[in-house]
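Undergrad: This is what each chain is made of:
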Amino acid sequence: MLHTVLIVAMLLIGLALLLNLLALLRGPSLPDRLLALYTMYINSIALLLCYGIYGASQLHFEAALLIAMLGFVSTVAVCKFMLRGDIIE
Amino acid sequence: MSILEWIVAVLVILGALFVLLGSVALVKLPDFYTRLHGPTKATTLGLGSLVLASLLFFNGIQGELSLQQLLIALFLFITAPVTAYMLIKAGIHQQLKATAATSRQELLQQHKPKAQ
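So the sequence lines, in the order shown, correspond to chains C and F.
65 is the number that the working numbering gives to position 32 of the first sequence; each next residue is one higher, with no gaps.
1437 is the number that the working numbering gives to position 50 of the second sequence; each next residue is one higher, with no gaps.
Hints in this document: simulated from the structure, not taken from any laboratory.
A couple of the hints might just be wrong.
[To be verified] Quick list of simulated restraints, FRET-style, between CB atoms:
(1) F/Q1497 with C/G88: 20 to 28 Å
(2) C/Q91 with F/E1392: 12 to 20 Å
(3) C/Q91 with F/P1417: 36 to 44 Å
(4) F/I1394 with C/M102: 27 to 35 Å
(5) F/L1416 with C/A110: 19 to 27 Å
(6) F/K1476 with C/M34: 20 to 28 Å
(7) C/R117 with F/H1424: 23 to 31 Å
(8) C/A96 with F/T1486: 20 to 28 Å
(9) C/I120 with F/L1416: 24 to 32 Å
(10) F/Q1497 with C/L54: 29 to 37 Å
(11) F/T1489 with C/M102: 43 to 51 Å
(12) C/S107 with F/W1393: 37 to 45 Å
(13) F/E1493 with C/G47: 40 to 48 Å
All values derive from a computational prediction rather than experimental measurement.
Even glycine gets a Cβ: it sits at the ideal position worked out from N, Cα and C.
Build the full structure now, drawing on both the sequences and the hints.
TA: Right under this line is the structure:
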């Protein structure tokens, strides 16, 4: 039962990732695309959490933590670049 | 199937639905300022629900101590508002258009970018 629920949840999150890809390709401006990319980061963390529960292993959570940190740092860096034209002044 | 497994299943489905809702909002809403609401609120709530489900599963059902998920949730709940703030600052800086229904549009006019 829990396995079926987890597979359904992973399908829903996969659909969400496809919608994010659509928004990433469509978004008219650079902040739109960056927002779509950041949402993809968060959704991949959600997918990894579901897969960790599915396989009953905690191996994936460190990867999820790494993805969270990389997503935050890269998004803020690109925002900083858009705001100032430079990342480290 | 125990009561704890039911709780985990409900939390997982709820989390996945909220994550999907955030992405649907990202595709459907009209302009950047409204589009920012989906990923920063709905998706964060969905991820919090998933993390809670994972904590209950590993600590309750599997019976092993596991706190990395808590770290992920803590980090995301701290960084999501910061990212949203930076994104909206970049959007205002680039003078993205808001839809006509948006109130207080004069706030967008006050933030003209400085001449380079």
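Undergrad: List, from low to high, the hint numbers that the structure doesn't satisfy.
TA: Checked against the structure, the hints that fail are numbers 1, 6, 8, 11, while the rest are satisfied.
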